[in-house]
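Line by line, the protein sequences are chains A and B. Sequential numbering of the first sequence, starting at 1, is according to the numbering used here. Sequential numbering of the second sequence, starting at 1001, is according to the numbering used here.
Honestly, the hints are just simulated from the structure, not real lab data. By construction, the Cβ of each residue, glycine as well, lies at the ideal position given by its N, Cα and C atoms. Treat the hints loosely; a few may be bogus.
Under 10 angstroms between C-beta atoms, here's a sample of chain A residues computed to sit facing chain B [to be verified]:
hint	residue
1	24
2	27
3	115
4	280
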Amino acid sequence: MKRLLPVCAGLAMAALACSAEARPLTDDGRLTFSGFGTLGLIHNNLDEADFTRDISQPKGAGEGWSARTDSMLGAQVGYRFTDELDTVVQGISRYHDSGDFSPEVSWAYLRYRPDPGVQLRVGRLGWDVYQLSDSRYVGYAYPWVRPPVDHFGTLQLTYIDGVDVTFKQPIGSDLVLLKLYTGRSDGDVFIGEGIETHFDVDKVYGGHLDYETGPWRFRAGYTEVESDITFSGDFPDQLDAQFDQIRAFNPFFDLTADGVLGDAFGFDRLKLYSLGAVYDQGPFQLQAMWNRSKTSADGAVDSGFVSAGYRIDRVTPYLIYSQVETTSDGEGGSEGDFKQKTYSVGARYDVTANMALKAQLDRVHIQRPGFLWRDIDSDWNGGWGSIFSLGLDFIF
Amino acid sequence: MNRVQRLLIASTLFATLVAAVPASADIAVVVNANSGIDHLTRSDAVNIFMGRYRKLPTGNVALPVDSSSLKARFYRALVNKDLAEINSYWARLVFSGEASPPQQIASGDDVHQLVLQNMNALSYVDSAHVPDDMHVVLTLGE
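Please build the complete structure, drawing on both the sequences and the hints.
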């Protein structure tokens, strides 16, 4: 908690300093500064397991209150060279794989827009693998306290270092959009007790096709991630120690924890298929998404959610249903697999035009405990958990 | 009654009168009268102001300009959303680097100047007060 205090103080000050628009810092408006942040508070009623927002978080929110899971602060500086060419650098401080709030550069790119129908970006880019995935830390942008954990919590990467190109073509009053991207990346995720997985991504590439008609936005996407995977933590260490003992007797024994776990999980080559639809008409908002991620070991992560909200003056009540399920070896329901469903109800209250207050209750039905939870009691088989969250989101 | 008091009373009366007159009913999307743009559809205006696709019928890149004093009325009329929702919409696009919001201009006179100087600029005015050198390409009922 001590480590959190300066972060919280900083967030509160940033919130107080809020003004309504992205501020130009120079008279000609070429240099701009803006930012976003969230002060989040979680209450978890489970003493058997700790709640996380995503698999990059090494520790979760245990029984009682915690401010670590959802609090964050981001800032963006932009500079416009010409109407066609600009650059953006964005940083974020949130609780992530390093186990603290150390800030990281989330994007840093040059953007070239020679025509309204073409955009080219080079540098560090958001991983636009699902709808909303590259804005999932911008709480002010969505009605919920956080994007549904069952769906967004399993994402392995936040950014790619590479290039993307977007083409837009109007068809009557509709719009077709094609985005293609390729690059490298890296990231650490925590997939279970004492197993930290490091993704050294040689190649990530993919794209999506969007169709916008009236209030609807549809998307179909496909991405492949090719990585060198290494494991660390207590479990791989113990495994390697045992292998070393065997090797003392048999010098030809060549198993390693990385090799064995790598084969078992098959994270070296991931294929992500996704579909999404968003309906946004006046006060009514509806979203539905589905994803299947396949591993090279023929395992899969299936996830999806539906959400509906209706704005009444300054208040937007909403409902979410989400679920996630893993299957190994193409068969359903084995021992190590993870399965849960979440029913959420909440409301967003727009305090001002740059600050929103949110409250949300998640009823999580954990059918088989797994990698979105931390510090799981070894004899726990799952059950129902209640997560109550408060969030204050702001932009400046 | 001194002059200051009289002035105060007069201005209060005037303000009351102005407030009592119903706000004129429509918002006009305007361009430079010499821009060569005759007409825009509502979906053109949505595409341009919401950053979806910013090409004018002339083939040039559109330069949308938000006029602060009318902004709330304009977006209510265009997409039935209030300013918090518009800011929320832009937060997603700005912080994912997908698009930039229209240029923000506080004073109506400055908006007028910008539209006079730039053939690709679009903004909006109260349809009851359209200057002669601006051309209305779309009227949004309120």
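Structure-based check of all given hints:
1. Hint status for residue 24 of chain A relative to chain B: holds, with the closest Cβ pair at about 9 angstroms, below 10 angstroms.
2. Among the interface hints, the one on residue 27 of chain A is violated; its C-beta lies about 13 angstroms from the nearest C-beta in chain B, farther than the 10 angstroms criterion.
3. A distance limit of 10 angstroms between C-beta atoms decides the matter here; for residue 115 of chain A the minimum to chain B is near 7 angstroms, and the interface restraint holds.
4. For residue 280 of chain A, the interface hint holds, the least distance from its beta-carbon to any beta-carbon of chain B being 8 angstroms, beneath 10 angstroms.
Of the numbered hints stated above, the single one contradicted by the structure is hint 2.
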